[in-house]
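**Q** Line by line, the protein sequences are chains A, B and C. Converting from the first sequence to this note's numbering requires adding 19 to each position, the first position being numbered 1. Converting from the second sequence to this note's numbering requires adding 1473 to each position, the first position being numbered 1. Converting from the third sequence to this note's numbering requires adding 1 to each position, the first position being numbered 1.
In case anyone wonders, no lab produced these hints; they're calculated from the structure. It cannot be assumed that every hint is accurate.
To be verified - Cβ-to-Cβ under 10 Å is the rule here; a few derived chain C residues that face chain A:
#1 T173
#2 I352
#3 S366
#4 Q371
#5 C402
#6 A404
#7 F407
#8 G416
#9 A417
#10 T424
Glycine residues also receive a C-beta, built at the ideal position from the N, C-alpha and C atoms.
The residues making up each chain are set out below.
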Amino acid sequence: MSARPDAPSALARLEASLPGLPGGADWLAWRRAALAALASVGLPTPRDDAWKYTNLRLLERRDLAPATAQLLPTSALEALPTPTGPRLVFVDGRFHAGLSASALPEGVTLALAAPAIPPPATTAAAGIAVEDRIRTLNALLGRGADHLVIARGGTPGHTLEIVHVATGGGAYPHVALDLGNGASLDLLEYQIGPQQGDAFVAKVTDATLAAGARLAHTTIQLTGDRTVLLDDLRITLSADAHYQHRLVALGGQVTRFDLTVTLLAPGAEAHLAGLLFADGSREQHVRTLVDHRAPHGTSDQLYRGVAGGRGRGSYDGKVVVREGAAKTSSRQSSRNLLLGADAAIDTRPQLEINADDVKCAHGATTGTLDEHMLFYLLTRGLDRETARALLTYAFVEDVLKLLGDGPVRQAVESRALARLPAAATIREFVA
Amino acid sequence: MSNIQHGDVVLDIRGLTVSVKGRKILSGLDLTVRAGEVHAIMGPNGAGKSTLSQVLAGRADYEILAGTATYLGEDLLALPPEERARRGLFLGFQYPVEIPGVNNVYLLKAALNARRKQIGLEEVDAFEFLAIVRDKMKLMQMDESFLKRGVNEGFSGGEKKRNEILQMTVLEPTLAILDETDSGLDIDALKVVSNGVNSLRSPARAVVLVTHYQRLLDHIVPDFVHVLAGGRILKSGDRGLALELERRGYDWVLEEANAA
Amino acid sequence: MSSTPQDLEDLVGQKYQHGFVTDIDSDTLPPGVDEDVVRVISRKKGEPAFLLDWRLKAFRHWQTMTEPHWAQLHYKPIDYQSISYYSAPKSKKDGPKSLADVDPKLLETYDKLGVPLHERARLAGVAVDAVFDSVSVATTFKERLSEAGVIFCPFSEAVKNHPALLEQYLGTVVPPGDNFYAALNSAVFTDGSFVYIPKGVRCPMELSTYFRINAANTGQFERTLIIADEGSHVSYLEGCTAPMRDENQLHAAVVELIALDDANIKYSTVQNWYPGDENGVGGIYNFVTKRGECRGRNSRISWTQVETGSAITWKYPSCVLSGEGSVGEFYSVAVANHMQQADTGTKMIHIGRNTRSTIVSKGISAGRAQNTYRGLVKILPSADGARNYTQCDSLLMGDRCGAHTFPYVEVRNPGATVEHEATTSRIGEDQLFYLMQRGLSQEDAVNLIVNGFCKSVFKELPMEFAVEAQNLLAVSLEGSVG
């Protein structure tokens, strides 16, 4: 689907920017080979089942080359709620010491990607699997993974904040979180981007939770209207590890979160929730794969999608229960609200169950407001418009309340509220 | 509100015939309710009791095939549900819906102000409102924490019913229709709920109790008892009829009606 | 205490009851398919030119297509050139006129299957159009139906007697190039059933066809077309059993339903083809395309299926809801035991305003079987006020089987409401224990629970089918508790 048959594809155009990237000749050779391999299969398209609802065609006309100029995004940072703990800032995928806290809590260390490390031994010479293509793109244009290590038993009392800032052009952040036995971390992640102009982010997040570790991860996506953001998260959980992800996707042009959570050992838990807000002509997509590979695992998913205007949203969630993963308990809930005649939402809550002693359920609804609730409010004398506004707010609130009562929720709530129909009416009720 | 006198006709139903999804539920129902009166509508399961309540409150998925319902001289069936509510018609639901995210207090305040606006009273502010609600909550023996919760969210069956009656006592309706308000209540809760209803009895108001069991009527003594079966009122009487129904069941009423 | 898996393995030993081969000479084409084969089939059927052209177009299109592999199914590649595409029982020149003319061996076959054509058919008020290898050999109750103006006949007869109706409707719901199997069917279909219910007529009896697969290596390519004209009602029953075979046999039927204004079509299936043995040897490959279009206002199409047979099932009875206020329904019980693989579900395409659809799917997996529900609910922008409710439950019996649920929900209209619910669980040990403590055998307890699980589907079946379906389920699952 290239723009013009004679024009080089967006991937081919990247060739020129490879020599400017860090690393020696071995790295350059590796990047070239990886780019060639990726170009031969292309980026995922809706024909790939896992990308059925996300179309990246618009990237063909974009410049994906890694951004070089680091404009200091201080004003963008000021718009965020005051951090309650140390903050780490990554600008266009690179750690920015000047904007970041100098001291990290005890037990937490940041190990930045080092160009001295040799490139990966293997290059997927051909046939890079669909699920690895965004990762490959990140690897060949990025600087390697920045590791955040939370030591065994480490329990930082505060919330650690990571702000990813895109300034325009391409950004390829890769953050790897290593949580040792019993380690615990509250991680609040913001994604912000230029309010004007194009930006592209292909981000990779890895988290490895050792036995009994706990990661409470919140992602607030507030990028600009011309930002395409692809965030590929892979989380692996050891015995009794506990992962929680709260996603609020408010900004962007096309946003997609790919969450793969693998429950490797008994007793692991994954709790995923998200609010996808696709108004205007925004697209918000989330795809999850929760892979239960061991007994006594628990997972639940709670996603809410709101689409208005010409917005599009999708929830494509899959739960796999492997043979032997007995006593697995899994729930998926996807509820979606369409606010406009040109809005669209697709859902696909999938279950693949290969063990019999399990409890799995999923539910999905798409449509208008619940008419029983609407009727109840009307019988109490509320007018239709107010009743509808209230129920829309309540719908969104279902996820936002998971953010607790602090400044983060307030900040997010006021942003979300401002974009709901009858925002003024709601404010009156909520204030 | 104040211009309604004891004995004025509040609700007048004539020949009401209603179907749901092509199935006729009410057929030719007549009922007249006057200010100051408490009516009990009893009947076997599936008789159409809940349908009657829902139709009067304005639920959309019922088809009115024939008949009229006049409320305070107005064509009730022509009004949307919120207009009915603002004119003082209150439905206590058999199964109140949970609305997570919509706070109890916000709803109640909006409802009260919608009602007050309709009858030309000034809207109450937050302080006045909380004073009113706290007062009524005491009557209903409800916990303060209720104020912070979503509408019926996570409430037990009994709590939901109390909440319905609390709303009623705050809104002070002209006509309260209480659909199976007693079901699922233990004896203590039943007393509390009954107190709430009794506190509202006045010469200018009317109450319609829809119930399956006689026991509620020990606490809220009705002026009239009607048997609803097969979609219409088969028999009317006083309190004694309810006691007789408890003793003898409904079959004899049906037989009597068949014989007639 | 529940029993050990070992006991259950023993109980699974139940052999396929309908496995036998009737020895009748077949007039069979040699294996393989090309344009000449298509022509021969059309000539043998005495078809008009338009139908031959239609077949040839379909065949040419089929040659450009590849077999679909998106389903959760694993099987050896099918050699389409090793299949014989035509087989007819040898009989007197003009075929049997009545039951008395039918080969007694054939009637015996039906007896073994529990289909005493002349007795039960009459008792149950069912007209049976029995298909024995691709050619219809007996049709009953014709007169009563023709009095009502109902046309119910073998497809090949409709070709001769009602070509205008065929030309108007054939392929309008499932176009010849719709999918790989439908294209193949369109090219080489041999026979099937044709039903036309005239305006305002309520068909006086349940219509029924029993399909049989008999001769070795014979593909079956049935074609069914049911047209319900304005205001008419029809209930059609399809039931299948097949003899035991070692080679896998291909079955690729096409069923098209058309409901005009206010018409009502109920299509019920009990599918009990040979599933293969415990090790997955043999069994039918069932790749069926079934689709109905609610073309008229307030029309209704209801699919009910009980799928217990076949080694592989690939089947998605669907509804295209074009007419305003039309209704589509899909009720399904799919059982997969041993090495069976079932990938089944439905599509509900909402086009018209206020269209409604209901999907109830109950999947049961046992042994090493894989059971997949795959469904699509699509609400197009034109479908204001459309509603769908989907419930999709899976029951697992044993820890080596799989249950998969792939529902696609695509909503393009803000006034629509789509609800989907799914659960997966196993038979509760406490339920089993409770029933066994009350004196039920484990088998009876399992049957009771499974029947309860499937109840909401069984109640949609015509009465006599419902009983059959319950028995079938019991046989299919005997002892499969883990």
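**Q** Would you mind marking each hint as holding or not holding in the structure?
**A** Consistency of the hints with the structure:
no., hint, result
1, T173, "violated, 28 Å"
2, I352, "violated, 16 Å"
3, S366, "holds, 8 Å"
4, Q371, "holds, 9 Å"
5, C402, "holds, 7 Å"
6, A404, "holds, 5 Å"
7, F407, "holds, 5 Å"
8, G416, "holds, 6 Å"
9, A417, "holds, 5 Å"
10, T424, "holds, 5 Å"
Hints 1, 2, counting from the list given before, are not met by this structure.
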